[in-house]
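Visitor: Heads up: the protein sequence lines correspond to chains A and B, in order. Under our numbering, the residues of the first sequence are numbered 3 to 217, in order. Under our numbering, the residues of the second sequence are numbered 3 to 261, in order.
Each hint should be verified, as a subset may be incorrect.
What the hints assert, rightly or not - Pairs of lysine-lysine residues, derived as PhoX-like cross-links and limited to a Cα-Cα distance of at most 20 Å, are as follows:
(1) B:Lys64 to B:Lys91
(2) A:Lys50 to B:Lys91
(3) B:Lys69 to B:Lys107
(4) B:Lys91 to B:Lys69
(5) A:Lys50 to B:Lys107
(6) A:Lys202 to B:Lys201
Think of the hints as simulated: they come from the structure by calculation, not from any bench.
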Amino acid sequence: METRLQRLFLSACLGTSLLFGLAAPIAAQEQSLKIEPQIERDPVTQDKLDDESFVFAVRGGLLSLNDFGSSGLAAAQLGYHINEDFYVAFDYAKAKAGLTSFEKLSGAAPLLTDEQRQWQYYGAQLGYVLFPGEVFLTRNYAMNSALSIFVGGGNVDFAGDNVFAIQAGSQFRVYLTDWIAADLVLSDYVFETSVLAEQKSQHSLSLALGFAVYF
Amino acid sequence: MKFGKNTASCALALLLSFCAVLSSASAEETAQAQAETQGIRVWVDSAYVDLHMGPGSGYPIKTSAIKGEQLQLLITRGNWVQVLFRGEKLWLDEVNLAFLLNADKTPFQQAGDSFDQYRQRDWEASFMYGDFNGASYYQVSAGYVFSPIVSSELSVGQASGLQADHQIVELSFYLSPFDHWQISPYFGVGGGMVRTNPKTILVQTEDRSDLITSAEIGVKYYLSRNFVARAAYRHGVISTSRNENDESITWKLGFSVFF
Numbered sequence: 003m004e005t006r007l008q009r010l011f012l013s014a015c016l017g018t019s020l021l022f023g024l025a026a027p028i029a030a031q032e033q034s035l036k037i038e039p040q041i042e043r044d045p046v047t048q049d050k051l052d053d054e055s056f057v058f059a060v061r062g063g064l065l066s067l068n069d070f071g072s073s074g075l076a077a078a079q080l081g082y083h084i085n086e087d088f089y090v091a092f093d094y095a096k097a098k099a100g101l102t103s104f105e106k107l108s109g110a111a112p113l114l115t116d117e118q119r120q121w122q123y124y125g126a127q128l129g130y131v132l133f134p135g136e137v138f139l140t141r142n143y144a145m146n147s148a149l150s151i152f153v154g155g156g157n158v159d160f161a162g163d164n165v166f167a168i169q170a171g172s173q174f175r176v177y178l179t180d181w182i183a184a185d186l187v188l189s190d191y192v193f194e195t196s197v198l199a200e201q202k203s204q205h206s207l208s209l210a211l212g213f214a215v216y217f
Numbered sequence: 003m004k005f006g007k008n009t010a011s012c013a014l015a016l017l018l019s020f021c022a023v024l025s026s027a028s029a030e031e032t033a034q035a036q037a038e039t040q041g042i043r044v045w046v047d048s049a050y051v052d053l054h055m056g057p058g059s060g061y062p063i064k065t066s067a068i069k070g071e072q073l074q075l076l077i078t079r080g081n082w083v084q085v086l087f088r089g090e091k092l093w094l095d096e097v098n099l100a101f102l103l104n105a106d107k108t109p110f111q112q113a114g115d116s117f118d119q120y121r122q123r124d125w126e127a128s129f130m131y132g133d134f135n136g137a138s139y140y141q142v143s144a145g146y147v148f149s150p151i152v153s154s155e156l157s158v159g160q161a162s163g164l165q166a167d168h169q170i171v172e173l174s175f176y177l178s179p180f181d182h183w184q185i186s187p188y189f190g191v192g193g194g195m196v197r198t199n200p201k202t203i204l205v206q207t208e209d210r211s212d213l214i215t216s217a218e219i220g221v222k223y224y225l226s227r228n229f230v231a232r233a234a235y236r237h238g239v240i241s242t243s244r245n246e247n248d249e250s251i252t253w254k255l256g257f258s259v260f261f
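One chain only, chain A, in its complex shape:
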């Protein structure tokens, strides 16, 4: 009787131990299948997007200088779009003044040296996109466009003098692609000059055509 009980007890023990012994690795195996990722989650946010609000433009055109005729103008601009309406930009423009009528007619010695004839402007401006829109090249093909107005201030270096200047004008931009645009800029540089003896305020109008690249 005793041995029978012992046998029963032992077989029960063996059974349970076998059961648990087998079950344990399976459970462990199941657990090990649930692999927790070790990488940290990098939240996808708006900051991940590339900001292409900067624009660099180069232009060439004409500058009309009072008394000095018209001359070729080269200009460069670095701008930043604050939002859909406003942008700020730094401007640089360069031209070389021609001869005055007096110099041409009298045949006298030139009033300015070659170096003094170099006209330079550098300054900053604030622009406002007045009319955003589209231009239609054909019935079914349109490109985005924007007409902006701007005002700014800076320096004019001309005739050996460095004077404050106000720049105002308008810019018509046609977007050839998302990041290249063609520009037509009409601009007025207003500055005081005393190069021809009397102090006077001078309006120098310029018209320039060029390209702008967004980055």
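Assemble chain B onto chain A, guided by the hints.
Guide: Leaving out everything else, chain B in the frame of chain A:
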């Protein structure tokens, strides 16, 4: 005939580059469309979002994406986001980013609170325009912000008057005690050099450089993104080689960009 030569060469160069850009533009667009499978994939979670032709509410709405439709966010410009939708590149107003879901159905996270970014800024660049003792004045400056309250700035200014031009270089330190206000007053002191170039045609006068020490009081107004409007009054004392010192009064208005 310098004028004719210059203009002709300018026009020719522009025409050539215009043609080059036009021809490369179409090829580039197709290549770009193929390559741009990147971007961030998101799903619309509101009834619909409008997609415009250009980055501005003035550009016409081309189409709308309805709830559950997928967009790919590509770039941002100003307050607009360029998206790829059904193979077309269109523009989405930034405010609509709040109605988008990520792939794991969590809401798309917009850019952090920019006012907090403003308070935690390190570098600041400013452009200001105003009046220096009756002369037109403008300055550019760069500053380092030690803490939301303490900052430093190096400024270079140019004043163009009828009698003289001045170039002013100054290093200043500022305190802004109410940094958590959107309109925040500040004050500070600084010092540097003033270079004066008298504008006389008849009498030859020499340029001179003098020391300047000054105090400034002003106000900064946080506009949006990384732009701050700024107005200030600065009072300076110029130590001249004469028996008496000159005073300078500067009013200026401008904006700062911070990084």
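Visitor: Now look at each hint and say whether the structure bears it out.
Guide: Taking the hints in turn, this is what the structure says about them:
For the proposed pair lysine 64 of chain B and lysine 91 of chain B, the alpha carbon gap of about 10 Å is at most 20 Å, so the pair holds. A C-alpha spacing of about 18 Å is found between lysine 50 of chain A and lysine 91 of chain B, which places the hinted pair at or below 20 Å, so the restraint holds. A C-alpha spacing of about 13 Å is found between lysine 69 of chain B and lysine 107 of chain B, which places the hinted pair at or below 20 Å, so the restraint holds. The hinted pair formed by lysine 91 of chain B and lysine 69 of chain B meets the criterion: a straight-line CA distance of about 19 Å does not exceed 20 Å.
Taken as a hint, the lysine 50 of chain A and lysine 107 of chain B pair is honoured in the structure, with Cα atoms around 18 Å apart against an allowance of 20 Å. Between lysine 202 of chain A and lysine 201 of chain B the alpha-carbon distance is near 15 Å, which keeps this suggested pair within the 20 Å criterion.
The earlier numbered hints are all upheld by this structure, with none contradicted.
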